[in-house]
Amino acid sequence: MKISLSWLKRYVDIDVPVETLCDKMVMSGFEIEGIEDLSATMSNVVAAKIVKLEKHPDADKLQICQMDVGGDELVQIVTGAQNVFEGAIVPAALHDSHLPNGVHIKKGKLRGVESNGMLCSGEELCLKEGDYPGAEVYGILILKDDVKVGTDMRDVLHLNDVVVDFKITANRPDCQSVLGVAREIAVALKTEFRKPEIAYTTVGGDIADYIKVTVDEPDICPRYMGRVVKNLRIGPSPDWMVDCLRAAGMRSINNIVDITNFVMLETGQPMHAFDLRDVKKNEIIVRRAKNGEEIVTLDDKAHTLTDNMLVIADGEAPSCLAGIMGSAGSGIKDDTTELFFEAAKFRRDSVRKTARALGMRTESSARFEHGVDAGSIPYVLDRALSLIAELDCGDIVDGTIDKVNGFTEQRVIKTTASDICALLGVEIPVEKMVEILNRLEIETVADGDALTCTVPSFRDDVEGRADLAEEVMRVYGYNHIVGTPMRGAVVRGQLLPERRKGDALKRRLCEQGLSEIATYSFISSKALDTLGLPADDERRNEVHLLNPLGEEYSTMRTQLTTSMLTVLSTNFNRKIPAARFFELSKRFVPKALPLTEQPDELPLLSIGLYGEGEDFFTLKGVVESVFDLFSAKPAYERAAEPFLHPGRQAKAVLNGETVATFGELHPDTAEQYGFDTRVYVAEIKMEALYAAKQSVILYKPLPRHPAVERDLALLCDADLPVATIEDAIRKGGGKLLESVALFDVYQGKQIEDGKKSVAYNLMFRKADGTLTDADLEPVLDKIFRLLEKIGCTLRA
Amino acid sequence: MKEKLEALRSEAMNDIAAVQDEQTLDAWRVKYLGKKGALTEILRGMGALPAEERPKMGQLVNEVRAAFEQAFAEKSDNMKNAAKNARLAAETVDVTMPGKTNKGGSLHPLNQTLADMIDIFQSMGFDVVDGPEIETDHYNFEALNVPADHPARDMQDTFYLADNLLLRTQTSAAQIRTMETRKPPIRIICPGRVYRADEVDATHSPVFHQVEGLVVDKGITMCDLKGVLEQFAHEIYGKDTKVRFRPSFFPFTEPSVEVDVSCPECGGKGCRVCKGEGWIEILGAGMVHPRVLSGCGIDPEEYSGFAFGIGLDRLTTTRYKISDIRLLFENDLRFLQQFEGGNVK
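As given, the protein sequences belong to chains U and R, one line each in that order.
Positions 0 to 795 (numbering that gives the first Met the number 0) are the ones given, in order, by the first sequence.
Positions 0 to 344 (numbering that gives the first Met the number 0) are the ones given, in order, by the second sequence.
Since the hints were derived computationally from the structure, they do not count as laboratory data.
Fair warning: this is a prediction, and the values are worked out from it, not measured in the lab.
Each residue gets a CB set at the ideal place from its N, CA and C atoms; glycine is no exception.
There may be inaccurate statements among the hints.
Stated by the list, open to error - Covered, in the sense of this in silico footprint (three residues per stretch, anywhere, with C-beta under 8 Å from a C-beta of chain U), are these stretches of chain R:
1. 160-172
2. 248-262
3. 310-320
Stated by the list, open to error - Quick list of the computed label-pair ranges, beta carbon to beta carbon:
4. 180/R <-> 693/U: 32 to 38 Å
5. 632/U <-> 147/R: 26 to 32 Å
6. 122/U <-> 201/R: 32 to 38 Å
7. 102/R <-> 701/U: 44 to 50 Å
8. 411/U <-> 270/R: 45 to 51 Å
9. 147/R <-> 217/U: 41 to 47 Å
10. 197/R <-> 235/U: 23 to 29 Å
11. 270/R <-> 135/U: 43 to 49 Å
12. 699/U <-> 216/R: 43 to 49 Å
13. 632/U <-> 75/R: 29 to 35 Å
14. 102/R <-> 39/U: 53 to 59 Å
Just chain U, with the same shape it has in the complex (with noise of 0.2 Å):
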C-alpha cells in the first residue's frame, strides 16, 4: 500500500528520517516494497513569468521569451508553443534540470537565437489534468495567477514528499489503510496516534423519506450502512486531498468523489455514493443475482451475472457489483444534487469469487477480500460525513440505515504472561505486554500475572495466547530471542528406507560417470506423441493440470524418458560430445481417470547416453548394475518400444514383471529431438527394488581345491541368443560348474554366412576335493549334448 508521508503525520508524528521508520516497520512486521521521493523526479524547474514576447527573427513557428525565474535579471527562452502570452506563469526549465520524463535540458541556440532553458507542458512534466488543472491542454502548461514567480515547480505541484509502499500480510487487513499503519507507525516509534475526530452537524429530514433498503443476503452481507446528503455542492477537491489521493496512485475527480475514496485508502472500508435520481423506486436491495442479469460497470465494460453473485440492486436493476465496482450510471454525475452513502461488509468469498468470475480487481474488491471490519463501519460513514462538512459540499440528511446481521464487537481473551513468555522463551515483564498490548489498541487489563485483554474489532485476527504472543513480540522486539540449542534425547534422525536405497543408487550411478539432473514433474500433454507410444498404453494414463502456465507444463509425467531426451538434446545442440546422465524422479499413476483421489506417486530411474565409445552394452552394463546394487538377476528379453531401435532394445523381467526397458534411441524419435548421434537410454521402475528385501550377508569360505578351466568354441546361428547357451551350460555343468564367461562372438571370415562363432571360458570347481577328468568327463558329455540340442557344434 502506496501512502506519502505528509498523509500519514495527518495522524502521527514521524520525527525520524524515512529509512528509520521503513526499518522499524520492517522489524514490526511490515515489508517495505519501495520508497519514492517525489521530489527526486524533477530539478532546476522554477515557476517563471514571460515578461515580453517577441517573434524568432528566422522562424515563424518561434518565440523568444524574456522570462522573470524570481531572480535579478531575466532568463531568454525560445519555445514553439502558440498558447503563451506576456504575464502568464509558466513552468520553466532552466538550464541543467531534469524533467520527470527523463529529459535532461540545457542551454543552447534555437535557429541562432540563445535559450537557456525550456517552457514545459503539462506532459513534460508527467502531469495529468486531476494533477493541475490544465495539465492536458496542448501547449505550455498555464498556472494559476498566484502562483510566486521563482518558486521550485515541486512545492508548486505539492511535489516535496516521500511515498512508502508498504507490504500488508494477509493477516493484517487493518492496515490496508493509511490509519492503520498510522496506527502501526506510533507504537513502533512509541508517539501518539491521533484518529481524526467526527464533526459534523445534520439538517434535519428522514433518511426514510429519500430511500428504503432491504437485504435479502444477510449471511454474504452481515452489516449494510448508508446515509443521505442533500443540496451537494460537487466541485474540485483541495490540495491536501488532492496530493494524497495522487501519492497513493488516484485521480482526483470531484470533491464528492474523492471523498469516497479518501476514506476508503484512509480506513480500508470502501464506499459508494449513489445518485438518487438513479435509484429506481427509491430502493435498494441487496441480492443475487439473477442468472443472466446484466450490468455495464463504470469502465464501460457489459457483464452477464450468475445468481452466486452479490448485487446492490434498485427497485429495477443491479446498480453495483457488491464490492466490486458500481455500475455505469449509478454513481455521482457533475449535476447530481442528493447522494446515498453506502458502507458495507460483504463477505470475502463472495467477493473473491465474483472478482475471480469476471476478470475484476479493484481497490474496493481487495479490500473486501482481505475483510473489511463490520464494528468500524459507523466510524467509516462518520468520517466521510465529517469530510462533507469540511469541504462544505452538502447537507447532511438525519438518520442512519444500518442493517446488521450479527457480529462478535469484541473478543476478550484470558491468558497470563508466563503462558505468554513459555511459548517466546523470552521473560518479558508484565508492565511491558501490557503497555504495548493497550498501544496497539488491545485492552488490556493485569491482575498479577493474569491478563485480560479486550481486542478490538478491527483485530479478527488475534484469536488467543499465540496471537497477542505474537503481538507483543513484534513489538518487545524478535532481537530478545536468544537461540537455545537443541534439547532432548540425543539420537540420530532416520531416513526412510526409500530415500536411503535411493541415495546409495544415485552414488552408484555418479560412480559410473552419470551426472544426475532435474526436470521438471510436469511436460506437455503431446511429450508422448514424439515416443508414439500407442492409445492403449499404461503411460498414456496421464493426470492434467486443471490451469497449467500453458501446454507445455500441463502434464504430470507417467514417464521420464521424454524429459531426458529434452535435456541430451540440449547438450547435444550446445555441442558437447558425450554425456551420461540419470534422474531419479516420481512417476504420476492415476487410480482411476478422471481422478477421484490421489494417484500413485513411483519411484522411476531414467538413464540417458550419448557420445563415442557408447552403445546398447554400455547402456547395458549401467542398467545391470542398477540391478547388481539390489541383489536383483531380472532376465532380459527383446522388447517392442516404439521410440527404440527395434533390434537394439530390451526388457529386464523381474519375477515375472518388466521393470526396465532400454536400448538405443530409434532413428526417427532421434530425429524429432534433433540429434545425428545414437543415443540410448533406459527407465527402471524402482518400487520393486525398493521393496525387495536385501538379504544379510554372509561370508562364504574360500574355495580350497584348485579350479580346472575349459574353453568352449562354438558354432551356431547367428540369431541364437548367447543367453540360450549359457542356460544350456549352466543346466550341464550343474553344481561343478562354478563360472561361465563369454570371451568372444565372431562372425566373418572362415564362419559360414549366417553363422556365428561363440567362445566361452568355463571354470569348474569340487568343493570338497580336487576335481578329476573322471568327475569332468560326464558333465562335458552333458553340456555338449545340451548345446547340440540347440543347434551348438563344437569347433575343432
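Given chain U, put chain R in place with the hints provided.
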C-alpha cells in the same frame, strides 16, 4: 711365478676396467677364472715349485682369485645397475599428462545441498520423512489453518488437478501427515518438490523445492526455534553467521517470522548480493498454530512446537552464487560437472 701372478693380476684388472657389456664380462670370467683359465693354468704350475714355497704361493693365488671374483661381482653389479638405470631413465613419463580413469558423474547441486541439510538435521535428531506431491485441499490448506475463503490462498497460486486435488504449494502438508501418525515428541524434516503458478524467470520457477521442519514437544519455545536455525545457518554458511527473526505471517504458525541470515557474501556490511541490506532472507518459520495442533489431536495447552520451511533452490543458488534459477533445470553438462567435487564432504 710370483711375477707371473702379479702380471696376470694387473692384466686382468686392466681388462675388466675396459669391459662394457655382459658378453665381454663373461669372456673375461672364462679367461681368468674359468676351469681352463689363466689362474687355473698358473695353479697347475704349482707342482714345479719347491714344497716350502707352495703354501705361500697357494695363498697368493687364492688372494688373486678372491680379488678377481670380487672384481667380477662388482663389475657385474655395476653393469646390472647401469642397465636398470638406463631402462628406468628410458621409461620416464610426463607426469603432468592426465590420469586414466572413468570420469565420475556429479549429484545435482540441489541434491547436494539437500544432502548437507539432511545431514545437519539428522545430527540434531530430526527424522527425514516424505509426502505426496499431489495433495488434497485438506492437507495443503484446510488443516494448515487456511480455510477456503482465506486470503492467504492468494499468496500462492495453486495448480489444481481436480476439485479437491492439487499440486502441493508447500511441504507444510507433511506437518499434518506427521502429527496424525506420530505422537510427540516429534522432530522431523520433510524435503520435497512443491509447485506454484509462477511464470519462469531468473528467480522464479513453477517447480521448486522446500525442506519443511517440525518439532513438537512439551515446553518448546521460540528460542529453541532460533537455536536450531542458528546451528543450521552456522553449518551451511559458516559459524560467524548471524540469524535474525523478522515478524511475518503464515496461517499455520503464530507467531510467524521470516528468518534472515547475515549476508554470506559481505558478512553484513551490505553488498550487491544482499542489495545493501546486509541480510538475506532464507526461510519462513514460526510456532505451530494452536489450531493446527488441535486439528491433529495434539493438545496445545500441553504441547507446543515450531515449524520452518526452507527454500532449497534459493539456498542452493545463494550458496553456489548461481545467478539464474533456470540453470538448475536446464541440466547443461558443463554446469552439472562443476559440482563434482561436492560429492565429497
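Verification of the hints:
no.	hint	result
1	160-172	holds (count 4)
2	248-262	holds (count 6)
3	310-320	violated (count 0)
4	180/R <-> 693/U: 32 to 38 Å	violated, 25 Å
5	632/U <-> 147/R: 26 to 32 Å	violated, 53 Å
6	122/U <-> 201/R: 32 to 38 Å	holds, 35 Å
7	102/R <-> 701/U: 44 to 50 Å	violated, 34 Å
8	411/U <-> 270/R: 45 to 51 Å	holds, 49 Å
9	147/R <-> 217/U: 41 to 47 Å	violated, 20 Å
10	197/R <-> 235/U: 23 to 29 Å	violated, 43 Å
11	270/R <-> 135/U: 43 to 49 Å	holds, 45 Å
12	699/U <-> 216/R: 43 to 49 Å	holds, 48 Å
13	632/U <-> 75/R: 29 to 35 Å	violated, 59 Å
14	102/R <-> 39/U: 53 to 59 Å	holds, 56 Å
Consistency with the previously given hints fails for numbers 3, 4, 5, 7, 9, 10, 13, ordered from lowest to highest.
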